[in-house]
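Residues per chain are reported as follows:
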Amino acid sequence: MKWFLVLPTAALLSILMAPAADAAANDCHTCHSKKTIMNQGIHLYIDPLKYELTTHARIGCVSCHDNVTKRHPGDKIRPSRAKCQDCHAAVSAEYNQSMHGKYADCTDCHKPHAVKPLLAVSGRDINIQCAKCHEYAKTVKNHSKWLPQATLHIDALPCITCHTGSKNYVISMYMVKSVSGSSMGGVALASYEDLLPFLSTGEKVATLIDGDGDGAISLSELKKFNTSGKYRSLSLLGTMMPEVVTHNYEILDNRRDCTFCHASGPNAQQASDIAFPQQDGSYSRTPVEKGAILDILYGTPDFYMTGFTRNNTLSIIGALIAAGGLLVPILHGTLRFLTRNRRKEQ
Amino acid sequence: MSEGMTTEQIYMTPTPVRIWHWLNALGIVTLCITGIQIRFPEYANIFGTYKAAIKLHDVAGVTVSISFFLWIFYYLFVARSLVKLYVPNVEDIKRGLFTQAFFYFFYYFLGEKNPHTVSLDNKFNAIQKMSYLLIMFLFLPLVIASGLLLMNIAPLRGWIIMIGGIKFLVDAHYLIACSFFAFLCVHIYMATLGHTPFSHLRQMWTGWEEMESHPH
Ligand code: HEM
Numbered sequence: 001m002k003w004f005l006v007l008p009t010a011a012l013l014s015i016l017m018a019p020a021a022d023a024a025a026n027d028c029h030t031c032h033s034k035k036t037i038m039n040q041g042i043h044l045y046i047d048p049l050k051y052e053l054t055t056h057a058r059i060g061c062v063s064c065h066d067n068v069t070k071r072h073p074g075d076k077i078r079p080s081r082a083k084c085q086d087c088h089a090a091v092s093a094e095y096n097q098s099m100h101g102k103y104a105d106c107t108d109c110h111k112p113h114a115v116k117p118l119l120a121v122s123g124r125d126i127n128i129q130c131a132k133c134h135e136y137a138k139t140v141k142n143h144s145k146w147l148p149q150a151t152l153h154i155d156a157l158p159c160i161t162c163h164t165g166s167k168n169y170v171i172s173m174y175m176v177k178s179v180s181g182s183s184m185g186g187v188a189l190a191s192y193e194d195l196l197p198f199l200s201t202g203e204k205v206a207t208l209i210d211g212d213g214d215g216a217i218s219l220s221e222l223k224k225f226n227t228s229g230k231y232r233s234l235s236l237l238g239t240m241m242p243e244v245v246t247h248n249y250e251i252l253d254n255r256r257d258c259t260f261c262h263a264s265g266p267n268a269q270q271a272s273d274i275a276f277p278q279q280d281g282s283y284s285r286t287p288v289e290k291g292a293i294l295d296i297l298y299g300t301p302d303f304y305m306t307g308f309t310r311n312n313t314l315s316i317i318g319a320l321i322a323a324g325g326l327l328v329p330i331l332h333g334t335l336r337f338l339t340r341n342r343r344k345e346q
Numbered sequence: 347m348s349e350g351m352t353t354e355q356i357y358m359t360p361t362p363v364r365i366w367h368w369l370n371a372l373g374i375v376t377l378c379i380t381g382i383q384i385r386f387p388e389y390a391n392i393f394g395t396y397k398a399a400i401k402l403h404d405v406a407g408v409t410v411s412i413s414f415f416l417w418i419f420y421y422l423f424v425a426r427s428l429v430k431l432y433v434p435n436v437e438d439i440k441r442g443l444f445t446q447a448f449f450y451f452f453y454y455f456l457g458e459k460n461p462h463t464v465s466l467d468n469k470f471n472a473i474q475k476m477s478y479l480l481i482m483f484l485f486l487p488l489v490i491a492s493g494l495l496l497m498n499i500a501p502l503r504g505w506i507i508m509i510g511g512i513k514f515l516v517d518a519h520y521l522i523a524c525s526f527f528a529f530l531c532v533h534i535y536m537a538t539l540g541h542t543p544f545s546h547l548r549q550m551w552t553g554w555e556e557m558e559s560h561p562h
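Just so you know, the sequences run in chain order D and L.
Numbering follows this note's numbering, in which position 75 of the first sequence is assigned residue number 75; successive positions increment by one, without gaps.
If you want this note's numbering, it's the 1-based position in the second sequence plus 346.
Any given hint could be a false lead.
Claimed, not checked - Calculated pairs, DSSO-like style, for lysine-lysine (alpha carbon to alpha carbon, straight line, at most 27 Å): (1) D:K138 with L:K397; (2) L:K397 with D:K145; (3) L:K401 with D:K138; (4) L:K459 with D:K344; (5) D:K35 with D:K116; (6) L:K401 with D:K141; (7) L:K397 with D:K141; (8) D:K167 with L:K397; (9) D:K167 with D:K116.
Claimed, not checked - Some chain L residues judged to face chain D by a derived CB distance under 10 Å, without partners named: (10) Q383; (11) F386; (12) P387; (13) L456; (14) K513.
These aren't lab readings, by the way, just hints derived from the structure by calculation.
Being a predicted model, the structure only gives us computed values, none of them experimental.
Ideal Cβ placement from N, Cα and C applies to all residues, glycine included.
Build out the structure end to end from the sequences listed, making use of the hints.
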């Protein structure tokens, strides 16, 4: 967190020595990570917390803005910007071939100073990116023309699960808190701050469920979390995310077939993870024991995908009940047939 | 038929009840079949697509729900015979259930007469009362309530979490549905135990029950 120390001095220096401030110009943060620069334009501010998290932070500002002079900003030269495809040639090629290539640029969806890998975003982050152009209400309305329970699907799924191809999909769970005051008793995404009261100082968020802190969540840890009165206001909802990102935004016909997701064949994924919100706004995923999403009651009580995460034991109990009913006519009917003469005699 | 026996006709089931009954029966059968595809899509593709099964299940569910409320309304406010016909009395519980069970599972095979005589005021025997009461006032309301919640997960998420979660809801819905199937098997079979195998069924269609007349 060195800029907190550097900032005041450097700012002072820059005021005194600008426009020729050589040293200061190299540390772009001195100006661009200071909130006061927003006075000259909100877009000039770069959030250091978010920037530090990005892979881009490792390559440094000047790799992408290579013509920043020593006399910047006094020289009035508008710094150059690297093109995404300079480094992401494969993604760019794929994206530009897609229909969507002509509708939106890389930077419409990604802020270069706040990019995150797939594993660090929540489904909602993604949908917020899309909602900039694809308005939520309109999207729900359009999808409800063919998609049953469209609101539920659009709320629960990242758009890219249906609109990009990936070989495999993973079940990712996230925390919600109950919202008091709403007439239906709704829920809202739980942020890092919402979870803080449940943690002792310095504890990692994942220890809420991962009690032994081994970096993996077992079924018994899940059950403990779900049955503990302490966490009554928290629940785990689930979503389905692509395992890898592709950028060929398109309408995939097989997504119109519900059994693409709603069927549990032999290849059905039983693996899942939980995405915990972190202080910096990103998410960190902790893997969950295989099969936990199929547990009857306390594994994942608030996550169920019809046709997919059904519990086998329960299916069998139900079948036995049904078979019991079927047995009555068979047995009674047999005896009835064998004793038919007795009833005729009378 | 032994000598001296004649048959008589009684108008047993009024038209609204008959309409309700067959609408309900069609609805429940549709729900059972579509339900199989919805729970076991890899094994049963009966309606072409999963979506078709869901849509049909929803329509049938709403039909059954509405007709259930019409049924209650009719029996409570129009016919006003709900309690008399459906609620077992002390005698039914103390003796009726056992007498009737012994008849169905034992004396019937010996060729004895049904201990319960049907009349307009005493339409159902103790076992019928008990099972119809359970089905109509416990299972049907529960399956309707859970079904309606499952049709509205997004807006009612908070309630669903309060009840104990969507898994609990789905599992309860499924087990009750299986019980409905079991009931259906027994119910249809028992309906053939009348004066003739088809007399009850015909009664449920026309309203008129044919029975052995007895001296008044
Ligand atoms: C294809 C399916 C069905 C057939 C063939 C059938 C047949 C019959 C017959 C013959 C009766 C008259 C016998 C009696 O009064 O006990 C009857 C009455 C009755 N059934 Fe069904 N049934 C079917 C489905 C259902 C279902 C699904 C339910 C409820 C969920 C149901 C509930 C009742 C009730 C409550 C009565 C008494 C009605 C009254 O007179 O108030 N039935 N049914």
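Results for each hint:
{"no.": "1", "hint": "D:K138 with L:K397", "result": "holds (22 Å)"}
{"no.": "2", "hint": "L:K397 with D:K145", "result": "holds (12 Å)"}
{"no.": "3", "hint": "L:K401 with D:K138", "result": "holds (23 Å)"}
{"no.": "4", "hint": "L:K459 with D:K344", "result": "holds (12 Å)"}
{"no.": "5", "hint": "D:K35 with D:K116", "result": "holds (22 Å)"}
{"no.": "6", "hint": "L:K401 with D:K141", "result": "holds (18 Å)"}
{"no.": "7", "hint": "L:K397 with D:K141", "result": "holds (18 Å)"}
{"no.": "8", "hint": "D:K167 with L:K397", "result": "holds (23 Å)"}
{"no.": "9", "hint": "D:K167 with D:K116", "result": "holds (21 Å)"}
{"no.": "10", "hint": "Q383", "result": "holds (9 Å)"}
{"no.": "11", "hint": "F386", "result": "holds (8 Å)"}
{"no.": "12", "hint": "P387", "result": "holds (4 Å)"}
{"no.": "13", "hint": "L456", "result": "holds (6 Å)"}
{"no.": "14", "hint": "K513", "result": "holds (5 Å)"}
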